[in-house]
Amino acid sequence: RVLQINDFSNPAVRFKTEDSAATYSNIAETNQSVTISRQAYCAMLFESIAELQSDIELRTRYTGNMGYSLMATVEGDATSGLASLPSSFSQLVGTMGDDVTDDDLLGAVRYLDNGDVPQANRFLYCSPGLRVSLLKLDKFTRQDYVGQGDAEMAVKRARVGMVYGAPVFISTLANNNPSSAGTSYGWFCHKEGVALIIQQKPVSHAQWILLSDGWGVLTSLVYQFAERLLHPSTIGGGSSDDRFNVGVRSN
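Mapped onto our numbering, the consecutive letters of the sequence shown carry residue numbers 139 to 389.
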């Protein structure tokens, strides 16, 4: 039920004096505890008359859709999904409701660089509005900046492939936080900045309900998520923080 995530600091360096014994370094490490407590489900009753008179297999169709509903909740629910996390990020750039600017993106890069976050495995997760903001920036769409192939992809397919070393992903579910129209949080993060624990993938169970004359179907999963608090790279250790994540406020 409780997952303990361990981090490991870099040991302190000492300098030995001639004819003296070396001194051991002790590090008091801290663990991050994540309680796996979220159990989400979809349940439907398919009466025999409905399935008999339908030209499609209702139970099969909706059982598949239950899987999407559950995973969309994990990603995009404003209170019980990953979309809720940026509200508590300590590092934020941009202005809510406005187009993102190049300075905003460079500010996010600076946050990550100052936190000694690895270049590899960074990503930019954005709403449709944030992606449109990127398409307005010449630096990510013009041929003399990104080359002919990426420029054509931006104009013909409305796609921005990379932003300062981070691949771009788009999701309408990013619009769920905040709930007000024309506002959203993007993520300029490293994949180790968030922990998503799925203890049970979506599993479906069916049972014939005699008095209802139909099949009851329930699909459920067990999960939890948390913003990771990671030890700094400082030699000798230090306090854990959320330096692997930057929230991008946009439209």
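Among the clues, some could well be false.
Stated by the list, open to error - Pairs of lysine-lysine residues, derived as DSS-like cross-links and limited to a Cα-Cα distance of at most 25 Å, are as follows: (1) K339 to K329; (2) K274 to K294; (3) K277 to K294.
Keep in mind the hints are simulated off the structure, nothing from the lab.
So, going through the hints one by one against the coordinates:
no. : hint         : verdict
1   : K339 to K329 : holds, 20 Å
2   : K274 to K294 : holds, 14 Å
3   : K277 to K294 : holds, 16 Å
Of the numbered hints given earlier, the model fails none.
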